[in-house]
Amino acid sequence: MRGLCTLILLLVGLTISQAARTTIKFWAVVGTDRDVEMYRQISADFERESGIHVEVTPLAWGNFETKYLTAMAAGIPPDVGLTNMGGPFKYGSIGGLLNLRKFRGSPELEAQFSPQMLPMFTEGDALYGVPFDLTTLTVFYRKSIFNKLGINRPPQTWNELNRAIDRVEAADYRYYFGWINGQQWALPLFTTPYGATGITTELDGSPKVNWQDPNYQEGVFQALRFWFMHDSPGRDLDSRVPGMFASSDKATTVPLMVNLHFLGTQIKSTHPEINDDWAIAKWPRADGGKETQIMGGTALVIFRDTKHAEDSFKWVQYLNSVKAQQKLLTHRIQRGEEANFTVSAVSKVYAPENNEFWQAPEFQSDNGMRQVIGETVSRITSQSSVVGADIVGRSEQNLLDRMNSYITGKLTAAAQSKGLSRTQFIQRMARGDYNDFRSKIESDIHTQLKKEYDSITPEAQATLVAEKQKYANRYGEIIQNLDSYRKKSTILDTGKVILGIIFIATFVFVFFSPKLRPHLASYLFIAVPLILAATFVFLPALVALYLSFTEYHPVLPLSTVRLTGTQNYQSAIASGDAAASFTKTALYAILTVPIGVVLSLILAYQLNLKVIGQRTWRFIFFSPMVTSVVSIALIFAQLFLSGREGWINTLLLSLHLVKDPIEFLNSEVTFPWTVITLAIWHGLAFTILIFIAGLQQVPVALYEAAEMDGASRSRQFWNIAIPGLRPQIFFITVLGIIGSFQVFETIYLLAGKSENAGAKFGPNGSALTVVPWLYNTAFENFEMGKASAIAYMLFAILLALTAVQYIGYRRKEQN
Amino acid sequence: MRKRNAPTIFGYLLLTIGAILLVAPFFYMVMTSLKSNQEATEPVFSFLVKNPTLDPYKRLMDAGLVGRAAFNSLVVAFLTTIANMYFGALAGFAFAKHKFPGRDGLFLALLSTMMIPGAVLLVPGFLLFRDFGWLDTWLPLIVPSLCGAFSVFLARQFIVGIPDSLLEAAKIEGCSEFQIFQRVILPVSKSLLATVGILTFLGSWNSFLGPLIILQDEKKYTLPLVIAMLQGRFPGQQNTQMAGALISIAPVLILFFLFQKQIVESLASSGLKEG
Numbered sequence: 004m005r006g007l008c009t010l011i012l013l014l015v016g017l018t019i020s021q022a023a024r025t026t027i028k029f030w031a032v033v034g035t036d037r038d039v040e041m042y043r044q045i046s047a048d049f050e051r052e053s054g055i056h057v058e059v060t061p062l063a064w065g066n067f068e069t070k071y072l073t074a075m076a077a078g079i080p081p082d083v084g085l086t087n088m089g090g091p092f093k094y095g096s097i098g099g100l101l102n103l104r105k106f107r108g109s110p111e112l113e114a115q116f117s118p119q120m121l122p123m124f125t126e127g128d129a130l131y132g133v134p135f136d137l138t139t140l141t142v143f144y145r146k147s148i149f150n151k152l153g154i155n156r157p158p159q160t161w162n163e164l165n166r167a168i169d170r171v172e173a174a175d176y177r178y179y180f181g182w183i184n185g186q187q188w189a190l191p192l193f194t195t196p197y198g199a200t201g202i203t204t205e206l207d208g209s210p211k212v213n214w215q216d217p218n219y220q221e222g223v224f225q226a227l228r229f230w231f232m233h234d235s236p237g238r239d240l241d242s243r244v245p246g247m248f249a250s251s252d253k254a255t256t257v258p259l260m261v262n263l264h265f266l267g268t269q270i271k272s273t274h275p276e277i278n279d280d281w282a283i284a285k286w287p288r289a290d291g292g293k294e295t296q297i298m299g300g301t302a303l304v305i306f307r308d309t310k311h312a313e314d315s316f317k318w319v320q321y322l323n324s325v326k327a328q329q330k331l332l333t334h335r336i337q338r339g340e341e342a343n344f345t346v347s348a349v350s351k352v353y354a355p356e357n358n359e360f361w362q363a364p365e366f367q368s369d370n371g372m373r374q375v376i377g378e379t380v381s382r383i384t385s386q387s388s389v390v391g392a393d394i395v396g397r398s399e400q401n402l403l404d405r406m407n408s409y410i411t412g413k414l415t416a417a418a419q420s421k422g423l424s425r426t427q428f429i430q431r432m433a434r435g436d437y438n439d440f441r442s443k444i445e446s447d448i449h450t451q452l453k454k455e456y457d458s459i460t461p462e463a464q465a466t467l468v469a470e471k472q473k474y475a476n477r478y479g480e481i482i483q484n485l486d487s488y489r490k491k492s493t494i495l496d497t498g499k500v501i502l503g504i505i506f507i508a509t510f511v512f513v514f515f516s517p518k519l520r521p522h523l524a525s526y527l528f529i530a531v532p533l534i535l536a537a538t539f540v541f542l543p544a545l546v547a548l549y550l551s552f553t554e555y556h557p558v559l560p561l562s563t564v565r566l567t568g569t570q571n572y573q574s575a576i577a578s579g580d581a582a583a584s585f586t587k588t589a590l591y592a593i594l595t596v597p598i599g600v601v602l603s604l605i606l607a608y609q610l611n612l613k614v615i616g617q618r619t620w621r622f623i624f625f626s627p628m629v630t631s632v633v634s635i636a637l638i639f640a641q642l643f644l645s646g647r648e649g650w651i652n653t654l655l656l657s658l659h660l661v662k663d664p665i666e667f668l669n670s671e672v673t674f675p676w677t678v679i680t681l682a683i684w685h686g687l688a689f690t691i692l693i694f695i696a697g698l699q700q701v702p703v704a705l706y707e708a709a710e711m712d713g714a715s716r717s718r719q720f721w722n723i724a725i726p727g728l729r730p731q732i733f734f735i736t737v738l739g740i741i742g743s744f745q746v747f748e749t750i751y752l753l754a755g756k757s758e759n760a761g762a763k764f765g766p767n768g769s770a771l772t773v774v775p776w777l778y779n780t781a782f783e784n785f786e787m788g789k790a791s792a793i794a795y796m797l798f799a800i801l802l803a804l805t806a807v808q809y810i811g812y813r814r815k816e817q818n
Numbered sequence: 119m120r121k122r123n124a125p126t127i128f129g130y131l132l133l134t135i136g137a138i139l140l141v142a143p144f145f146y147m148v149m150t151s152l153k154s155n156q157e158a159t160e161p162v163f164s165f166l167v168k169n170p171t172l173d174p175y176k177r178l179m180d181a182g183l184v185g186r187a188a189f190n191s192l193v194v195a196f197l198t199t200i201a202n203m204y205f206g207a208l209a210g211f212a213f214a215k216h217k218f219p220g221r222d223g224l225f226l227a228l229l230s231t232m233m234i235p236g237a238v239l240l241v242p243g244f245l246l247f248r249d250f251g252w253l254d255t256w257l258p259l260i261v262p263s264l265c266g267a268f269s270v271f272l273a274r275q276f277i278v279g280i281p282d283s284l285l286e287a288a289k290i291e292g293c294s295e296f297q298i299f300q301r302v303i304l305p306v307s308k309s310l311l312a313t314v315g316i317l318t319f320l321g322s323w324n325s326f327l328g329p330l331i332i333l334q335d336e337k338k339y340t341l342p343l344v345i346a347m348l349q350g351r352f353p354g355q356q357n358t359q360m361a362g363a364l365i366s367i368a369p370v371l372i373l374f375f376l377f378q379k380q381i382v383e384s385l386a387s388s389g390l391k392e393g
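Keeping their order, the protein sequence lines are chains A and B.
Taking this note's numbering, the leading residue of the first sequence gets 4, the next gets one more, and so forth.
Taking this note's numbering, the leading residue of the second sequence gets 119, the next gets one more, and so forth.
The shape of chain A in the complex, shown without the other chains:
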């Protein structure tokens, strides 16, 4: 008995101690599952020291941003998060994070980093995050090939790098500018050496867009030259690049690469055979400019809604301790094939007292990597962020996409006029054959760049001023008084009360009305779908209508919603965004549906004949119908990979159907076509099915009569089958257009949004059709009011289409 009591006491004690133990939720963007393992190990060490338990949840690089933003909007964020470098400012400026300077230990934490790293995490006096690990840009080259080409040292300046690229291309090799290629966020790497910064804050605190500064444009020009004037394999080929770098086949070898530093460890582990034949060099300095390096990597933040602020801060401190950083470095370097060299942001890690740590064999014989990185880290600069910078950044990104098309177009045209492929033309240009053309195109790029920046700068400036004002006027005050806003009732509370009253009143009415009471069973039978429709369709639809006349940021309580009249509709229309998006959608529908209908008609007609092996044919033709469009899009994203490595490009090149690979997913012209191809492919099955069903209703006697009259096969197709199918063709066309107006998944996946959070819906936003636009507005820009207005514009158009369909249907019935 006594033993039992002790046991119970023990159990109770255990439960209490379990409950008393703090658990911190830590979300981390991870590259691989080995990272998850590593964070769990570090958190176990931390728990032994502090008694604080850390629960690690991995996030993929593809969707971490959506996850953080929706979790903040949903009010269920973790305590501590590991994000990309842009995360702290982005989430902080919308009130989602705690200011780290509120903590007592903040000065010591800040002192661990070189001061020029922190500006990008600060807003005014607030510090929203600290760096965790870094990536830097470096140059990799094959020593033997460089020797052969007579390049006797790694490029020290941009001019030297350009000359090295020319030599490489003149010898029919390719060069590769990796991960940051074409990326707007990487522009500071090219502009800061010339002392130019894209967006700055004036002394009076107002934001200023400096895109028209000639120095800034010179920097951008340098970037464009490195990125688009050559035959660099696509950015999406990163994983294949170590193989190309190590290749001994001249046609595919890439002996010169500019890429993030950690590729070095990958090359070392996957291609040890060339270990003595390559070296790493730091990113060269601009001619006549400063030597700078931008910062990539991850950063740590603490979320506003945490209930364990102090313990979360301890965890952040621990992660940036020398001990944890050394664990990180060791773990990552010891991963065999997946090994990579992590750059620590904590200065002390490189201090002389920690020299012993670096003696481990893995850190030796690294082709000079540690030295290069050590030098590089000291040159990292970061620029302070500005509210709304990500919105105008997107318009600058579109500008880069357009410049890419512009330059590629010029190169292709020039190559065609000489009867060459673009690659051959670039190689000849590298040999100095077309110097006139080169100076012409370079001056054209300058002119075009100026024109482009002139056209987008005023709007960007206006956007920044408006964002700043919106922020100052609203979010500042709201964030101060969050608790009182939380207690206020909202439109949803009202809606729920009204709905509840309606449900109860209806029930009471039915139950007590002598006229309705006998039908009680019938009403109960239909209750489930009606209650669901009222709660989950009519109520939200009305709420959306209301929201479409308001402004609402979902990270804040719903009671902060503010009526703005028809402003959402007006601004969407006046800015031209609505016209652009609806035009893209309409074009998509107009191309997808008729092509699909014609192809289906032809195939359905054949399938409806007496085919040998009908079951097999039908299985093949119908099977896409049951496959999920997400899986199909994943396959298509690989089939249509840009560059000569893509499956379809390989085929086209080997059949000599094209001279240069088609940039399916990287060009604003071909991207929509790829989406359309996928849509037709996936939709074909259903259309064929409906047409076959229709063809079977066409009386056989009609064909017999036609045959007796001597009508040919094609006449039978045109004069009997097609007229007989008129209702189905009409039905499929309307249905197809309605479906096309709601296209989303395929564009989301083909645009690589699940791989890269910053990806847009197609190059230059070329596939920003209505639903992607709505998604972008609601869940990426967090303008719930404007998103609702978009939804209602879509609704109006679909209603009109349905009306057309209804009228057509009535007419059909009358005939």
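By construction, these hints were calculated from the structure, which means they are not laboratory data.
For every residue, glycine included, the Cβ atom is placed at its ideal position computed from N, Cα and C.
This list has only true hints and no planted wrong ones.
Distance condition first, Cα-Cα at most 25 Å in a straight line; then the derived DSS-like pairs of lysine-lysine: (1) B:K338 / A:K28; (2) A:K310 / B:K337; (3) A:K518 / B:K289; (4) A:K518 / B:K215; (5) A:K351 / A:K326; (6) B:K337 / A:K28; (7) B:K338 / B:K176; (8) B:K379 / A:K613; (9) A:K518 / B:K217; (10) A:K253 / B:K168.
Quick partial rundown of chain B residues pointing at chain A, CB under 7 Å, derived from the structure: (11) L133; (12) A137; (13) P143; (14) F205; (15) H216; (16) L228; (17) L239; (18) L246; (19) F326; (20) P353.
Use these hints to put chain B onto chain A, whose structure you have.
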């Protein structure tokens, strides 16, 4: 009925080209999913796999994502399917065979929900589920879809065609309306239930945008979310991504192969939706 013509050689050619274009992506998927990392990342591209390996599948299984996601999708799809079959038939029965005040108005109101595009409900749905505390749970994927208007519509159309004499006979034997539904309507509505079931299941199994904004925790992800996530989780590993695509497609294709006739008929009847 007289025999129909067979296609000409040209007709077979058309069919063959069509079939090749439709099968090619699946062929690519199977081949790539069997490649080693080395072979999949070779700069030279091949159409056939040289040294087949199951490593990509192993890696995928080790990550433990796909199996759990398939289970999650199955739970969500199963619950919505069963509910739609039952409640759809129940409501369809009342709308088809009962006469009660407001019947036609209510039916029309229910049908009008089909005209509201899902995109309109995205934002308010998110806020409503947040208000309910349902975010990051399966409830938003299940509860609103328990009985769709289209299921009721299909059921009504079908049950209208059941002869009244069957119901009269049951009534004379003293059955209540509910008993009539259970003992008479359900047993003769097998093909209706199959149609509603298949359409609901496919809809739920393939849905993407809703789960994308609702679910946070990877452990709760449904299959399409995990498949989409493969791009980011195994960046550049085409073989592993294709192994995932295959695992998600294969079971549905096998089911389709086995029950082709029934599934095709069901999907054809979904053409009624707008017609």
